[in-house]
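Chemist: If you want the building blocks of each chain, they are given just below.
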Amino acid sequence: MSALFYKANQDPRNRYAYCKPIDMVHLVMSKVMKRASRMGLALWRDDVERHATKVCKRTSAHPSRTLRSFMDYMGYGRYKNNAWDIHSYQLEHEQEIHSSLITGQVIKGKKELKHDRFLMAMSDIIADFRYTPYNTRRHTVTALSCCHFCNKLFKTVNFGEGWTCKSCTAKEQHIRSNELELAEVNRLTHKLKRVIKDESKRLEKEAY
Amino acid sequence: MKAKDLRKKLINVIDAIQNGDLSPSDGRNIVGAANQINLSVQNELKLMKLSMEAGKKAKAIGEMTIV
Chain A
1 MSALFYKANQ DPRNRYAYCK PIDMVHLVMS KVMKRASRMG LALWRDDVER
51 HATKVCKRTS AHPSRTLRSF MDYMGYGRYK NNAWDIHSYQ LEHEQEIHSS
101 LITGQVIKGK KELKHDRFLM AMSDIIADFR YTPYNTRRHT VTALSCCHFC
151 NKLFKTVNFG EGWTCKSCTA KEQHIRSNEL ELAEVNRLTH KLKRVIKDES
201 KRLEKEAY
Chain B
1001 MKAKDLRKKL INVIDAIQNG DLSPSDGRNI VGAANQINLS VQNELKLMKL
1051 SMEAGKKAKA IGEMTIV
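These protein sequences, in sequence, are chains A and B.
FYI, our numbering numbers position 171 of the first sequence as 171, with every residue one higher than the one before it.
Heads up, our numbering is the position in the second sequence plus 1000, with the first residue counted as 1.
Treat the hints as calculated values from the structure; they're not laboratory data.
Cβ coordinates follow ideal geometry from the N, Cα and C atoms, glycine included.
Mixed in with the good hints there might be a few duds.
Which residues of chain A face chain B? A partial, calculated answer using Cβ under 10 Å [said to hold, decoys possible]:
| id | residue |
| --- | --- |
| 1 | N178 |
| 2 | E181 |
| 3 | V185 |
| 4 | K191 |
| 5 | L192 |
| 6 | K193 |
| 7 | K197 |
| 8 | S200 |
The whole structure should be built from the sequences, with the hints applied where relevant.
Modeler: Below you can see the structure in the form of structure tokens.
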């Protein structure tokens, strides 16, 4: 949470005035979680959808798309008659450990959702704010993401020009440096070919 | 062997041919071998790029399964 947002949040009138999209999503979702935990629910889709709609309308340049991705990751769950009624979760059958999958497993196993795990699961949804146009964003935005290349959680930073993924960039640079080395070896091989050609011509002339 | 070693060897071969220590026919054989090495490295790099674009974990150079 940013210091500016914390300061502004002390006054209820400024609650949504200065916060970044990431702060807003965290705030709203923590509210949702607190309310859900009071009611003995890990996930209450109706409430989540209601709050998420508000957040998306306020923060995203593509509210419908953000909301759709938001709700896809949230899945469907309701505590009914002392039993969990879980219909489906996205990425449920995938082998790789994914933040949203962790959430699903936690709900299924322990019947409760931990707050920090939940916020981690939200990181992918928050990353959807990359579609927000530059002129609507006044601060750099940071979010946790799961890299598909190295399967690690890392922080992405948006400086207004796009999301930077440090681990993936490093791998790209590694490939690029290898390509440069290869080009250098190729050049030397061609030079060797030219030298052989010249040398054989010289030998032929000497033979005549 | 690293790329710098390969480069060094190629430079040595160039020098040897220019000095007359190595015959052009031997040099041609070495060029053929170097071309094969270049081709295999090029293919591995292409595979790394493709797997990265597909969002999969790419293997390091020399770790590609052939069969």
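Chemist: If a hint holds in the structure, say so; if it doesn't, say that too.
Modeler: Now for the hints, and whether the structure bears them out:
1. At its closest, the beta carbon of N178/A sits 6 Å from a beta carbon of chain B; the interface hint therefore holds under the 10 Å criterion.
2. Because the closest C-beta pair between E181/A and chain B is about 4 Å apart, less than 10 Å, the hint holds.
3. The restraint placing V185/A at the interface with chain B holds, with a minimum CB-CB distance near 6 Å, inside the 10 Å limit.
4. The closest approach between the C-beta of K191/A and any C-beta of chain B is roughly 6 Å, which is under the 10 Å cut-off, so the hint is satisfied.
5. A hinted interface residue such as L192/A counts as satisfied when its beta carbon comes closer than 10 Å to some beta carbon of chain B; here the least separation is about 5 Å, so the hint holds.
6. The criterion of a C-beta within 10 Å of any C-beta in chain B is met by K193/A, whose closest approach is roughly 6 Å, and the hint holds.
7. With a cut of 10 Å, the hint placing K197/A at the interface with chain B holds, because the nearest CB-to-CB distance is about 8 Å.
8. Nearest Cβ of chain B to the Cβ of S200/A: about 4 Å, under the 10 Å cut. The hint holds.
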